[in-house]
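Participant: In case you want the letters, here they are:
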Amino acid sequence: MNKNRMYPTYFIFGALLLYVVLYVLPSVMGLGYSFTDWSEYSREISYVGLDNFKTVFSSNYNYLRILMNTLRFTVVTTIAKNVIGLLLAVLLTKKVRLLNFHRAVMYMPCVLSALIVGMIFKSIMDPKVGLLNTALRAVGLDGLAQKWIYDSKLAFPSVMAVDIWKGMGYIMTILIAGIMSISPVYYEAAAIDGGNAWQCFRHITLPLLVPTLTVTTVLNVIYGLKVFDTVYALTNGGPGFATEVLYTGVYKEFSKGRYAVGTTLSTIMTLVMLVVGYFMIKHMVKGGGDQA
Amino acid sequence: MLLSAAAIAEDVTITYMASQDWVQDAEMELGEKFTELTGIKVDYQIIPSDQYTNLLMAKLNSGECADIFGSQAGQFDIVTQLNVEKNAVDLSGEAWAATVDPLAFAETSVDGRLYGQPVQDVSAVWAVAYNKKVFERLNLSVPTNYEEFKAVCEAIKADGMIPIYEAVSDGWHHQLWFCEMGVAIEHAEPGTAEKLNNNEMGFADSATAKLLVEQIKEMVDLGYWGDNYMANAYADAARAIAEGECAMTVANQGFPTEINAAYPDFPAEDIGFFVMPLCDNQVLNMNPVGPTRFIYSGSPNAEAAKKYLAFIAEPENLQYLIENVPKFNTLPFTGVQDVYSEEISSFYAAYPEHGTVYQTSVKYVNPQWMEIGSELVAVILGDQTPEQMLQNIDRNRADQAAAAQDPAWN
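Same order as they appear, the protein sequences are chains A and B. Yeah, the first sequence ends on 292 if you go by our numbering, and it's all consecutive. Yeah, the second sequence ends on 702 if you go by our numbering, and it's all consecutive.
These are computed hints drawn from the structure, not numbers from a lab. Among the hints, erroneous ones may be present.
Computed list of lysine-lysine pairs in DSS-like fashion (alpha-carbon distance at most 25 angstroms, straight line) [said to hold, decoys possible]:
#: 1; chain 1: B; residue 1: Lys333; chain 2: B; residue 2: Lys598
#: 2; chain 1: A; residue 1: Lys54; chain 2: A; residue 2: Lys226
#: 3; chain 1: B; residue 1: Lys424; chain 2: B; residue 2: Lys449
#: 4; chain 1: B; residue 1: Lys509; chain 2: B; residue 2: Lys442
#: 5; chain 1: B; residue 1: Lys509; chain 2: A; residue 2: Lys153
#: 6; chain 1: A; residue 1: Lys128; chain 2: B; residue 2: Lys598
#: 7; chain 1: B; residue 1: Lys351; chain 2: A; residue 2: Lys226
#: 8; chain 1: B; residue 1: Lys619; chain 2: B; residue 2: Lys425
#: 9; chain 1: B; residue 1: Lys509; chain 2: A; residue 2: Lys128
#: 10; chain 1: B; residue 1: Lys487; chain 2: B; residue 2: Lys502
Covered stretches of chain A (in silico footprint by chain B; criterion: 3 or more residues with CB under 8 angstroms from a CB of chain B, positions within the stretch not fixed) [what the hints assert, rightly or not]:
#: 11; stretch: 193-205
#: 12; stretch: 225-239
#: 13; stretch: 247-255
Quantities reported herein were computed from a predicted structural model and do not represent experimental measurements. Heads up, the beta-carbon is just placed ideally off N, CA and C, and yes, glycines get one too.
Working from the sequences, and respecting the hints, build out all of it.
Facilitator: As structure tokens, this is what we get:
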């Protein structure tokens with residue numbers, strides 16, 4: 001390795017300081033507070049051992065469902081955004097008329113505020129006067145008109161669908177960059193050998209896109225675990241508790257002044273993110289090493 | 293006028309954060325007049341009602357808030373939930389404090405020190421508002437028990453109308469059927485409120501509370517709330533009644549004037565009231581508490597905020613509010629003239645037995661108002677049983693009591 005290409009180590013200090021102060025320190029403090037009874041209602045903070053963790057994992061509370069909802073949201077939206085984003089990226093790297101227009105249209109939802117998207121879709125999914133059901137009824141598909149975000153079984157899929165719609169353009173853009181960085185020489189060689197479109201995709205595009213897909217997966221997983229605004233704006237965790245996710249739960253615990261329980265929930269998710277992040281980054285580094 | 297003589301030009305903007313429907317147009321008009329007189333501008337920050345409590349509490353708990361914040365009051369909740377002794381300014385020394393109605397004063401003060409200023413008419417009760425013309429046409433009379441109420445709903449449904457307009461999407465309205473009916477629990481099981489406050493029993497131990505939740509679910513299952521109750525908003529209730537889509541809704545006594553103001557062809561006299569007859573209730577559900585203005589203790593503009601509250605509490609301004617806010621018939625201050633109609637006076641007279649609603653008389657109920665709404669929705673949708681809902685309410689009360697180091701729970 002050429003040592004002249006390396007920046008001095010102290011270049012990292014500024015970023016590291018910000019990272020430690022704004023992320024590591026609060027996380028460690030949060031871990032500490034999750035073993036206490038810290039709340040708005042008492043000035044004294046006492047050590048309570050694992051009581052808050054027992055509360056979170058107790059079947060008497062709704063927290064386990066909240067954690068499962070968060071993981072479900074993360075898995076489903078990560079897979080869907082990657083698959084749809086990849087499909088769109090493949091389509092929009094072909095010779096298509098008005099290519100940039102199509103790319104811009106697909107990318108546009110992700111620049112909108114999640115709160116605005118939530119309000120728009122709340123209106124679109126209104127069972128009685130919403131655009132979606134009105135359109136379905138207009139074409140004779142009355143049977144498909146549902147209560148969407150107001151139905152406890154459909155609410156979570158509806159929220160995930162909105163989030164996928166909003167986020168797939170961003171993933172598509174990253175994957176387009178990945179596809180365009182693949183040398184056309186491979187495709188030319190495949191064409192000479194008589195490879196069809198599927199074979200080109202399967203044996204050239206997909207393997208060479210793995211590092212990019214790893215990046216999009218990490219981004220989606222981290223986003224999914226931290227999701228708040230879309231759920232808050234669309235359903236605020238309802239109907240009932242059907243769409244409650246971790247950060248709407250943390251927000252509600254803090255608003256009730258139950259800081260310790262809120263911090264415990266947050267700590268659990270930080271640990272999940274650390275584990276997931278560790279393995280993903282390990283995989284990425286390994287992938288990068290293979291390429292080098 | 294108290295302030296006109298002392299009109300000064302202050303370059304101050306006070307912020308006033310409140311839930312949707314708490315700041316009326318008439319108050320904003322008074323706010324403009326206040327600005328003209330004092331130079332102090334008022335920035336009204338109106339928050340959607342389903343998000344308000346969480347946002348307010350998150351702000352208070354993180355040590356930042358608007359100069360004036362609105363909140364439901366209540367002698368227990370302003371201590372355990374709002375912690376007004378820490379978060380709000382003591383208003384006892386204000387000239388208008390002596391004019392606050394004694395019942396409202398008791399619910400907005402701690403140890404005799406006043407912390408809040410009532411916003412709304414607290415004489416009104418949440419009751420079933422019904423279209424009298426529909427009842428006359430279908431030859432229906434006011435129900436006096438649950439079975440009669442079901443018969444009324446069936447007749448209305450058979451006529452092609454939705455019996456009850458209910459609005460779940462706002463998050464605050466549908467649980468009125470449960471919390472306001474604490475009077476029915478108290479009537480059937482006297483002393484329950486005291487036992488709940490002393491931690492000698494829970495809601496899950498009350499057979500009447502369980503029956504109440506079961507009857508609410510039954511109403512929904514029988515289609516009395518229609519199909520769209522989950523997406524309905526309370527702001528649309530007047531339209532639903534005026535256009536004949538629904539025959540009844542839970543409203544307070546300002547509703548007739550409100551509906552007439554929005555739909556002049558619909559006379560206010562066409563709306564009648566009866567108490568919610570769940571669990572055969574015939575007790576008038578009184579609540580001396582309503583939305584209340586508090587001045588945030590950390591406000592740098594507390595003096596300007598005090599001037600705003602003083603301005604609003606001037607008798608002519610209170611009277612202006614009573615006469616210009618359709619849902620106000622009076623305000624809880626001395627020296628104001630009420631505008632009760634004959635219909636409303638006769639409604640109050642029809643129910644001689646009065647009780648106080650549980651969100652006021654029972655500790656740790658009002659702070660979980662929105663959560664009770666979610667619990668009830670979970671029951672309605674079949675995600676949990678009425679017993680589970682009541683156990684969850686008890687558990688949440690116990691958690692809050694433990695955090696507040698309430699001796700009855702510790």
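Participant: Indicate, hint by hint, whether the structure satisfies it.
Facilitator: Outcome of the hint check:
A hinted pair counts as satisfied when its Cα atoms are at most 25 angstroms apart, and lysine 333 of chain B with lysine 598 of chain B qualifies at roughly 13 angstroms. Taking the CA atoms of lysine 54 of chain A and lysine 226 of chain A, the gap is near 22 angstroms; set against the 25 angstroms cutoff, the hint holds. Straight-line distance between C-alpha atoms of lysine 424 of chain B and lysine 449 of chain B comes to about 16 angstroms, which keeps the hinted pair within the 25 angstroms bound. For the suggested pair lysine 509 of chain B and lysine 442 of chain B, the alpha carbons sit about 13 angstroms apart, so the restraint of at most 25 angstroms is met.
In summary, the hint linking lysine 509 of chain B to lysine 153 of chain A is supported, as the alpha carbons are separated by about 18 angstroms, within the 25 angstroms threshold. Restraint check: the Cα-Cα separation between lysine 128 of chain A and lysine 598 of chain B comes to about 45 angstroms, which exceeds 25 angstroms; the hinted pair is violated. Restraint check for lysine 351 of chain B and lysine 226 of chain A: satisfied, since their Cα atoms lie roughly 21 angstroms apart, inside the 25 angstroms limit. At roughly 21 angstroms between alpha-carbon atoms, lysine 619 of chain B and lysine 425 of chain B fall within 25 angstroms of each other, so this suggested pair holds.
For the given pair, lysine 509 of chain B sits about 22 angstroms from lysine 128 of chain A by alpha-carbon distance, which is consistent with the 25 angstroms threshold. With a C-alpha separation of about 17 angstroms, the suggested pairing of lysine 487 of chain B with lysine 502 of chain B holds against the 25 angstroms cut-off. Coverage of a stretch by a chain is defined here by at least three residues with a beta carbon nearer than 8 angstroms to that chain's beta carbons; for the stretch 193-205 of chain A and chain B the count is 0, and the condition is violated. Here's how the stretch 225-239 of chain A fares: 5 of its residues keep a CB closer than 8 angstroms to some CB of chain B, so the rule of at least three is met and the hint holds.
Only residues whose beta carbon comes within less than 8 angstroms of a beta carbon in chain B count, and the stretch 247-255 of chain A has 4; three or more means the coverage holds.
When each numbered hint is compared with the structure, violations occur for hints 6 and 11.
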